[in-house]
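Enquirer: Residues per chain are reported as follows:
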Amino acid sequence: MKIKRYKRVSSTNTLVKKLKPEPWLVVLAQEQTAGYGRKKNYWFSPKGGLYFSIILPKSTIDDLQTLTLLAAFVVAKVIKERFKVEPFIKLPNDVYLNQKKIAGILTETVVGSDVKFSIMGIGLNTNIDTFPKELENIATSLKIELGKRIDNEKVLKEIVKYIKKQLKTISE
Amino acid sequence: MKLKLNIKGKEYTVEIQETDRDTVKIRVQGEEFVFKQKKEEEKVLVAKSSLPKRDFKEKRIKAPIAGIISEVFVKEKDVIKKGKKVILLSAMKMENEIISDFEGRVKKVSVKKDQKVKEGDILIVLE
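If you read the sequences in order, they're chains U and S.
Using our numbering, read the first sequence as starting at 411 and increasing by one per residue.
Using our numbering, read the second sequence as starting at 11 and increasing by one per residue.
Watch out, some of these pointers could steer you wrong.
[To be verified] Using 27 Å as the maximum straight-line C-alpha spacing, the simulated BS3-like pairs for lysine-lysine come out as follows:
hint	chain 1	residue 1	chain 2	residue 2
1	S	Lys123	U	Lys526
2	S	Lys46	S	Lys91
3	U	Lys526	S	Lys46
4	S	Lys95	U	Lys428
5	S	Lys95	U	Lys430
6	U	Lys526	S	Lys85
7	U	Lys428	S	Lys92
8	U	Lys468	S	Lys18
9	S	Lys69	U	Lys526
10	U	Lys468	S	Lys128
11	U	Lys526	S	Lys18
12	U	Lys427	S	Lys67
13	U	Lys427	S	Lys123
14	U	Lys417	U	Lys430
15	U	Lys430	S	Lys94
16	U	Lys468	S	Lys91
17	S	Lys95	U	Lys427
18	S	Lys92	U	Lys427
19	S	Lys85	U	Lys500
20	U	Lys430	S	Lys91
21	S	Lys94	U	Lys526
22	S	Lys69	S	Lys91
23	U	Lys468	S	Lys72
24	U	Lys526	S	Lys126
25	S	Lys128	U	Lys500
26	U	Lys500	S	Lys118
27	S	Lys85	U	Lys427
28	U	Lys428	S	Lys18
29	S	Lys18	S	Lys117
30	U	Lys526	S	Lys92
31	U	Lys526	S	Lys35
32	U	Lys526	S	Lys118
33	U	Lys526	S	Lys122
34	S	Lys118	U	Lys428
35	S	Lys94	S	Lys67
36	S	Lys91	U	Lys526
37	S	Lys12	U	Lys526
38	S	Lys92	U	Lys468
39	S	Lys20	U	Lys430
40	U	Lys427	S	Lys18
If you are wondering where the hints come from, they were derived from the structure by calculation, not from laboratory data.
Here chain U stands alone, though its shape is the one from the complex (with noise of 0.2 Å):
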């Protein structure tokens, strides 16, 4: 698994785009400036938190959509394996633990008459130990709920190769 690390960047998804199109590279940050979800919805991203981007291979854009969909179910199947949660998937793409959000997914393709280029975000709330007023009633963490620090790497590691097993299945 080819990783590129980053200490601080603006956000995984807006450097990966600018990066060559390698399927199956993982941009990893450990702190993001201007993480962002959906409609360009901020996404809380300080140090400790688990943000990567990963680059999929050419694919139709159904399979994608698809993959999209299929990414909440392996970010919740790898927590609650790993960590013996019940974490709860709000359709299309968050996952929810305790009623509060943990974790966010964020599929970005390039489409002409074909899929030029598409990257996967996924950012998942692993050390944070506070989030601000706004945020506390409605996001949680990882450390804040299971009260100990989290193996980033172990757990990136295991979603993407989830990922990448999913795409097979799906493209198969």
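Given the structure of chain U, go ahead and fit chain S onto it with the hints provided.
Expert: Just chain S now, with coordinates in the frame of chain U:
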């Protein structure tokens, strides 16, 4: 003899050369045609095959997937190049930047921001 011809707004470089008494060589845009005198059918051939076909058809940019128009980046009469981002289409959690695979002038923008579209709906017409 070298000359430039303007046919329907496109410029062609034509080179005419007499190789011997009854043979004429004509080069159009680098492509060579040889004519012998009094061979009518070969002249017809040049007229048909040497002029590149131009596509006067309208070009349509369609929705690749069902979703909602988040943003429209072009307006009517804009001249756009191939690869230009024209529309942002949101489909569930997927944001799709629709780029133009053609160059041309925007004849019509068929959608507005926040409009729902189905797969295959025409978004933009170019001419």
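Enquirer: Indicate, hint by hint, whether the structure satisfies it.
Expert: Status of the hints after comparison with the structure:
Distance restraint check for Lys123/S and Lys526/U: the Cα-Cα separation of roughly 23 Å lies within the 27 Å cut-off, and the hinted pair is therefore satisfied. Among the hinted pairs, Lys46/S with Lys91/S is inconsistent with the structure: their alpha-carbon atoms are about 43 Å apart, more than 27 Å. Distance hint between Lys526/U and Lys46/S is unfulfilled; the C-alpha atoms sit about 50 Å from each other, more than 27 Å. At most 27 Å may separate the alpha-carbon atoms for a hinted pair to count; Lys95/S and Lys428/U meet this at roughly 15 Å.
Taken as a hint, the Lys95/S and Lys430/U pair is honoured in the structure, with Cα atoms around 18 Å apart against an allowance of 27 Å. With a CA separation close to 23 Å, the supplied pair Lys526/U and Lys85/S stays within the 27 Å bound. At most 27 Å may separate the alpha-carbon atoms for a hinted pair to count; Lys428/U and Lys92/S meet this at roughly 18 Å. Between Lys468/U and Lys18/S the alpha-carbon distance is near 40 Å, which puts this suggested pair outside the 27 Å criterion.
With a C-alpha separation of about 19 Å, the suggested pair Lys69/S and Lys526/U falls inside the 27 Å cut-off, and the hint holds. Taken as a hint, the Lys468/U and Lys128/S pair is honoured in the structure, with Cα atoms around 23 Å apart against an allowance of 27 Å. Using a Cα cut-off of 27 Å, the hinted pair Lys526/U and Lys18/S is violated, with the two alpha carbons roughly 34 Å apart. About 33 Å separates the Cα atoms of Lys427/U and Lys67/S, which puts this hinted pair outside 27 Å; it is violated.
Distance restraint check for Lys427/U and Lys123/S: the Cα-Cα separation of roughly 24 Å lies within the 27 Å cut-off, and the hinted pair is therefore satisfied. Restraint check for Lys417/U and Lys430/U: the C-alpha separation of about 20 Å stays at or below 27 Å, so the hint holds. For the hint pairing Lys430/U with Lys94/S, the CA-to-CA distance comes to about 18 Å; that is within 27 Å, so the pair holds. With a CA separation close to 23 Å, the supplied pair Lys468/U and Lys91/S stays within the 27 Å bound.
Between the alpha carbons of Lys95/S and Lys427/U the distance comes to roughly 14 Å, so the proposed pair stays at or under 27 Å and holds. Taken as a hint, the Lys92/S and Lys427/U pair is honoured in the structure, with Cα atoms around 18 Å apart against an allowance of 27 Å. At roughly 36 Å between alpha-carbon atoms, Lys85/S and Lys500/U are farther apart than 27 Å, so this suggested pair is violated. A hinted pair counts as satisfied when its Cα atoms are at most 27 Å apart, and Lys430/U with Lys91/S qualifies at roughly 22 Å.
For the hint pairing Lys94/S with Lys526/U, the CA-to-CA distance comes to about 13 Å; that is within 27 Å, so the pair holds. Between Lys69/S and Lys91/S, the direct Cα distance comes to roughly 13 Å. Compliance with the 27 Å bound is thereby established for this hinted pair. Simply put, Lys468/U and Lys72/S have alpha-carbon atoms about 20 Å apart, close enough for the 27 Å limit, and the pair holds. The hinted pair formed by Lys526/U and Lys126/S meets the criterion: a straight-line CA distance of about 23 Å does not exceed 27 Å.
Taking the CA atoms of Lys128/S and Lys500/U, the gap is near 24 Å; set against the 27 Å cutoff, the hint holds. Distance hint between Lys500/U and Lys118/S is unfulfilled; the C-alpha atoms sit about 38 Å from each other, more than 27 Å. A hinted pair counts as satisfied when its Cα atoms are at most 27 Å apart, and Lys85/S with Lys427/U qualifies at roughly 25 Å. Of the pairs offered as hints, the one joining Lys428/U and Lys18/S is violated, with about 40 Å between alpha carbons and a cut-off of 27 Å exceeded.
At most 27 Å may separate the alpha-carbon atoms for a hinted pair to count; Lys18/S and Lys117/S meet this at roughly 20 Å. Simply put, Lys526/U and Lys92/S have alpha-carbon atoms about 13 Å apart, close enough for the 27 Å limit, and the pair holds. Between Lys526/U and Lys35/S the alpha-carbon distance is near 44 Å, which puts this suggested pair outside the 27 Å criterion. Annotation: proposed proximity of Lys526/U to Lys118/S holds, straight-line Cα distance about 24 Å (limit 27 Å).
With a C-alpha separation of about 24 Å, the suggested pair Lys526/U and Lys122/S falls inside the 27 Å cut-off, and the hint holds. For the proposed pair Lys118/S and Lys428/U, the alpha carbon gap of about 31 Å is over 27 Å, so the pair is violated. The hinted pair formed by Lys94/S and Lys67/S meets the criterion: a straight-line CA distance of about 20 Å does not exceed 27 Å. The suggested pairing of Lys91/S with Lys526/U holds, with an alpha-carbon distance near 16 Å, which does not exceed 27 Å.
A distance of roughly 43 Å separates the Cα atoms of Lys12/S and Lys526/U; the hinted pair therefore is violated under the 27 Å criterion. Between Lys92/S and Lys468/U, the direct Cα distance comes to roughly 20 Å. Compliance with the 27 Å bound is thereby established for this hinted pair. A hinted pair counts as satisfied when its Cα atoms are at most 27 Å apart, and Lys20/S with Lys430/U does not qualify at roughly 36 Å. Between Lys427/U and Lys18/S, the direct Cα distance comes to roughly 40 Å. Violation of the 27 Å bound is thereby established for this hinted pair.
Consistency note: the structure conflicts with the earlier hints numbered 2, 3, 8, 11, 12, 19, 26, 28, 31, 34, 37, 39 and 40.
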